[in-house]
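*Asks:* Those sequence lines, one after another, are chains A and B.
Numbering (my numbering) for the first sequence: 1 to 87.
Numbering (my numbering) for the second sequence: 1 to 520.
Watch out, some of these pointers could steer you wrong.
[To be verified] Each computed DSBU-like pair below joins lysine-lysine, with the alpha-carbon atoms no more than 30 Å apart:
(1) K425(B) / K76(A)
(2) K11(A) / K425(B)
(3) K11(A) / K259(B)
(4) K259(B) / K86(A)
(5) K84(A) / K114(B)
(6) K84(A) / K11(A)
(7) K100(B) / K13(A)
No lab work stands behind these hints: they were computed from the structure.
The model shown is predicted, which means the values in this text are computed figures rather than measured ones.
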Amino acid sequence: MNDFALLISLKKKIVLPLLIIIIGSYFSFILCIAYYPELLTIQISDSTISFGIVFGFYLIILIFFITVLYVHLSNKYIEPLIKKIKS
Amino acid sequence: MNLVAVSLFIVFVLITLFITYWAAKQIKSRDTFYTAGGNITGLQNGLAISGDFMSAASFLGISGLVFATGFDGLIYSIGFLVGWPIVLLLIAEPLRNLGKYTFADVASFRLRQKPIRILSALGSLTTVILYLIAQMVGAGKLIEILFNLPYQFAIYIVGALMIFYVTFGGMIATTWVQIIKAILLLFGATLISFLVLMQFDFNLNLFFNAAIKNHNLSSSIMGPGGLIKDPVSAISLGLALMFGTAGLPHILMRFFTVKDSVQARKSVAYATGFIGYFYILTFIIGFGAIILINGNPSYLNSEGGLIGNNNMAAIHLSHAVGGDVLLGFISAVAFATILAVVSGLTLAGASAISHDIYSNVINPNGANEKREIMVSRIATFTLGIIAIILGIIFESQNIAFMVGLAFAIAASTNFPIIFLSMFWKNLTTHGAFIGGIIGLLTTIILVILSPVVWVDIFNYPAAIFPYKYPALFSMTTTFFFVMIISKLDKSEGGRDEKHKFSDQYRQSLTGVDIKANKKN
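Throw the hints in and build the complete structure from the sequences for me.
*Replies:* Below, the structure written as structure tokens:
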């Protein structure tokens with residue numbers, strides 16, 4: 001496999017799973033609101049905090065985590081390969 | 001009038017005028033005018049991007065929505081945030097590697113310049129103008145309440161300052177105004193949230209409990225309310241928010257201000273962090289307002305509603321926890337926010353006119369850098385005047401649908417064209433142009449026929465198109481027509497365009513400039 005073909009396959013291996021996680025999590029949240037709103041109002045153990053709020057904050061953190069992970073993976077695996085192709 | 005607010009605002013204006021003067025001296029070329037010469041770092045650009053997103057509308061609007069309904073505010077925040085990984089994973093790097101000043105550079109990379117530039121400029125300008133109207137009207141109303149200035153006078157101040165920043169300072173001034181304002185807003189929102197949570201010893205359980213006790217919806221504020229009722233609306237709103245960000249011209253333009261794709265990626269990660277943190281703060285601020293403002297007679301009008309409206313929740317809360325000083329600070333920051341956001345929008349609109357329409361459609365042979373910058377400055381001035389006029393016309397109109405429509409157009413016209421031009425080999429000029437126009441018209445028509453315009457503005461009893469959010473239908477329409485027409489396009493030009501894809505794809509991934517290499 002030449003370097004460019006390797007770059008494409010590597011890129012796909014990194015981007016696709018992350019994309020699926022993000023779109024999947026977000027739409028499960030949105031569809032949960034549409035179909036099972038009562039699920040999101042369930043309170044977590046004895047506190048007043050609902051499952052919906054936990055889910056929401058989890059998503060905010062997940063979104064940030066995915067971007068950081070992607071930047072990290074790109075710098076580690078993609079950039080050296082691009083440098084090699086350029087030279 | 002709050003003295004702290006006025007003096008802080010004057011200090012902010014003086015600083016930004018100085019920045020504009022400093023920036024104007026550096027502007028010698030198109031590069032510096034449109035993109036600050038590509039010298040912005042990832043962190044700086046991340047702050048500026050988050051500044052574009054943390055508009056007064058989202059700061060006051062989302063905290064107001066949380067104040068009114070609790071959990072539902074979170075649905076919007078997450079929707080606005082989830083667009084960022086999409087921008088990062090799909091758009092940011094190819095955009096940086098293929099384009100120079102506008103996203104039309106990318107869309108027209110291997111397609112025919114004129115039709116694609118016209119289509120992209122149309123998509124950009126509609127999005128920008130809708131956004132501008134929403135910001136201007138919001139600005140006028142806010143300043144009217146905060147500073148006791150007449151509505152029209154407020155619009156003139158915003159318009160005049162914005163024209164000044166962009167015309168003379170270009171992207172350099174716009175970026176730094178945005179960065180300063182982003183830092184101020186993050187600081188202010190952090191301070192309010194801290195002071196609120198301190199009253200509950202940072203115990204979230206006590207905090208939410210107090211909110212439930214003080215809201216007439218009681219514990220239903222902890223779960224979904226009336227924002228989304230049926231699955232079609234849910235998916236449609238979700239799609240518009242998720243893919244709309246990747247089609248907003250003033251956001252996309254920011255990726256040309258950094259050196260390379262490494263910095264472009266970094267900017268998104270920083271921006272996502274800042275915006276996510278900011279939305280957590282607006283959520284705390286909204287709940288804080290439920291506890292401290294709801295039922296507090298000093299912030300209510302004679303009918304029992306908030307003075308101003310629900311959008312003033314964050315402002316009132318700043319007074320409740322920090323007195324006149326914090327109120328003054330937050331008011332000045334809100335004003336600064338409006339200025340920074342309209343400047344970014346205007347610059348994106350002006351570059352679509354000067355770079356796409358003037359230099360590549362009207363006068364492709366006679367255009368040079370100097371002339372293009374001049375056209376851009378005239379366009380900025382004109383857009384500023386248009387924004388002022390529209391701001392005044394729409395003063396008492398219902399403009400709630402406008403940001404939604406802007407997102408719908410961005411997701412249904414700009415995004416499909418950008419995405420397919422980057423990743424789909426078979427895209428041709430015919431397909432992109434005809435499909436794009438069909439998509440743009442479909443979005444606008446569906447919004448007009450939907451309840452937000454047909455019922456709320458035209459006062460017909462029932463809407464022809466039953467859903468509030470069109471993206472599910474308009475986005476699929478655009479993709480369908482663009483792809484079908486491109487596939488059916490057997491013209492020689494079309495075949496040539498498909499053939500050029502592999503070179504473009506290589507450049508989009510590696511950043512190696514193919515055209516420059518061939519010239520050498």
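*Asks:* Now, for every hint given, state plainly whether the structure supports it.
*Replies:* Against the structure, the hints:
no. : hint             : in the structure
1   : K425(B) / K76(A) : holds (29 Å)
2   : K11(A) / K425(B) : holds (18 Å)
3   : K11(A) / K259(B) : holds (21 Å)
4   : K259(B) / K86(A) : holds (16 Å)
5   : K84(A) / K114(B) : violated (36 Å)
6   : K84(A) / K11(A)  : holds (15 Å)
7   : K100(B) / K13(A) : holds (28 Å)
Figure legend: structure checked against the earlier numbered hints; the only hint not met is number 5.
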